[in-house]
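Participant: Sequence:
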Amino acid sequence: MAIVKLQCSECRKVYQIPEERMPKDKDIAFPCPACRAIIRVERPGASSANSSPAGPGSEGEALKGDALKARILKRVTDLPPMPQTVFKAREILKDPRSSFQELAKILESDQGIAARVLKMANSAYYGMMGKVSSLQHASVLLGYKTLAEIVSLAGASTVLGSVLEGYGLSAGDLWKHSLGVAFGSRIIAAKKKPDLANDAFAAGLIHDAGKLVLDPYIFERKEAFNLYMEGEAKPFLVAEKQILGFDHAEIAFELCKVWNVPQPLIRAIRYHHSPANGQGDDLAHIVHMADAVSMMSGIGAGLDGLQYEMDDRTMQMLGMQEEDIPAIMVEIVESVQRIAGESQK
26 MAIVKLQCSE CRKVYQIPEE RMPKDKDIAF PCPACRAIIR VERPGASSAN
76 SSPAGPGSEG EALKGDALKA RILKRVTDLP PMPQTVFKAR EILKDPRSSF
126 QELAKILESD QGIAARVLKM ANSAYYGMMG KVSSLQHASV LLGYKTLAEI
176 VSLAGASTVL GSVLEGYGLS AGDLWKHSLG VAFGSRIIAA KKKPDLANDA
226 FAAGLIHDAG KLVLDPYIFE RKEAFNLYME GEAKPFLVAE KQILGFDHAE
276 IAFELCKVWN VPQPLIRAIR YHHSPANGQG DDLAHIVHMA DAVSMMSGIG
326 AGLDGLQYEM DDRTMQMLGM QEEDIPAIMV EIVESVQRIA GESQK
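For the sequence shown, our numbering gives the first residue as 26, with consecutive numbering after it.
It is possible that some hints are incorrect.
Stated by the list, open to error - In the DSSO-like style, the derived pairs of lysine-lysine whose C-alpha atoms are separated by at most 30 Å in a straight line are:
hint : residue 1 : residue 2
1    : Lys30     : Lys170
2    : Lys99     : Lys130
3    : Lys282    : Lys38
4    : Lys216    : Lys247
5    : Lys99     : Lys119
6    : Lys130    : Lys282
7    : Lys266    : Lys99
8    : Lys247    : Lys119
9    : Lys216    : Lys119
What the hints assert, rightly or not - Here are the simulated distance ranges between beta carbons:
hint : residue 1 : residue 2 : range
10   : Glu127    : Arg65     : 58 to 64 Å
11   : Gln126    : Pro287    : 33 to 39 Å
12   : Thr183    : Arg65     : 41 to 47 Å
13   : Lys170    : Gln341    : 27 to 33 Å
14   : Lys266    : Arg65     : 17 to 23 Å
15   : Asp120    : Thr183    : 36 to 42 Å
16   : Gly344    : Glu133    : 41 to 47 Å
17   : Arg96     : Lys144    : 51 to 57 Å
I should point out that these hints are in silico values taken from the structure, not numbers from a laboratory. In this text, a Cβ means the ideal position worked out from N, Cα and C, and glycines have one as well.
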């Protein structure tokens, strides 16, 4: 196998890249993993037309940081919206003074969501196979808390099933990982912060929504990401920041504002990779730990699971021990296996 040697002009570190990994017809540039200086590689046959190829919507790969983020955020509205029915229904379910009539009015305004709620309520996971005949019946048999969980699942399943080539995720992978983090978040919250269990589930379910937006931009810079990750073992999140100038948690924060997601969930999603920056936000620590445990289980991890790091302070903040992790992992895997197929049919 032919090897191409690349040397950083700043720190002089040498990287050896297999020839087959190098694009044949275009120049590339990527940050040196050691010193962050840009390493530029001119390839034979590369033309001026493709030395800075157009990305989604014709912006060039050279854009990064605030300029690229501004371009990306202009396109956030192109994504399928998270059904507003979901958040309206959850607010009603959280209010002890609310009535079923209020809930039914909201859910029945979106027949697609109503049908998904009934389908999931009748799944094997909730132990009600074929027993739930109406939304009112579901509220009686399952209770408001479980119904709130099902409503969240019904909404998220409409937007999280895509193929994400940039992240190396096949159809359904992001959905399975999101389920894992949702169930993990609920399990952890139930043990340590019971009052946050419902919000933890909802935040875990859409914590990676930013990947839906970033995926085409990751994909068009695939060579740069491959070279960066190959040069030094670092979390994929670090590669996002170095190559794009921001990460998917930042974009998820903006997307969730467009979706009118409640503020406590938005804050947890923004800091789910850096919970220590969330000013003591317990929800951010819960989702962060659930994300790490779900990654450990290998559920829909993709490239983002490479070199994933959990903040050492999180388990201390939550009063968790390392010996708690295996049981949580087993419960996550079992929960995802039982519901993933049902929710995507």
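Participant: Confirm or reject each hint.
Facilitator: Do the hints match the structure? See the list:
With a C-alpha separation of about 58 Å, the suggested pair Lys30 and Lys170 falls outside the 30 Å cut-off, and the hint is violated. A hinted pair counts as satisfied when its Cα atoms are at most 30 Å apart, and Lys99 with Lys130 does not qualify at roughly 33 Å. Restraint check: the Cα-Cα separation between Lys282 and Lys38 comes to about 42 Å, which exceeds 30 Å; the hinted pair is violated. Taking the CA atoms of Lys216 and Lys247, the gap is near 40 Å; set against the 30 Å cutoff, the hint is violated.
Of the supplied pair hints, the one linking Lys99 and Lys119 is violated, its CA atoms being roughly 33 Å apart against a limit of 30 Å. The suggested pairing of Lys130 with Lys282 holds, with an alpha-carbon distance near 25 Å, which does not exceed 30 Å. Restraint check for Lys266 and Lys99: the C-alpha separation of about 19 Å stays at or below 30 Å, so the hint holds. This hinted pair does not check out: Lys247 and Lys119 have alpha carbons roughly 43 Å apart, beyond 30 Å.
For the hint linking Lys216 to Lys119, the alpha-carbon distance of about 20 Å falls within 30 Å, and the restraint holds. Checked against the hint of 58 to 64 Å, the pair Glu127 and Arg65 passes, with Cβ atoms roughly 60 Å apart. Checked against the hint of 33 to 39 Å, the C-beta distance between Gln126 and Pro287 comes to roughly 23 Å, which is inconsistent with it. The hint said 41 to 47 Å for the Cβ distance between Thr183 and Arg65, and at roughly 42 Å that hint holds.
Judged by the Cβ atoms, the range 27 to 33 Å given for Lys170 and Gln341 holds: they are separated by roughly 29 Å. Checked against the given bound of 17 to 23 Å, the beta carbons of Lys266 and Arg65, roughly 20 Å apart, stay inside it. Restraint check, Asp120 to Thr183: a C-beta distance of roughly 25 Å breaks the suggested window 36 to 42 Å. Judged by the Cβ atoms, the range 41 to 47 Å given for Gly344 and Glu133 holds: they are separated by roughly 42 Å.
Judged by the Cβ atoms, the range 51 to 57 Å given for Arg96 and Lys144 is violated: they are separated by roughly 38 Å.
Violated hints, listed in ascending order, are 1, 2, 3, 4, 5, 8, 11, 15 and 17; each of the other numbered hints is respected by the structure.
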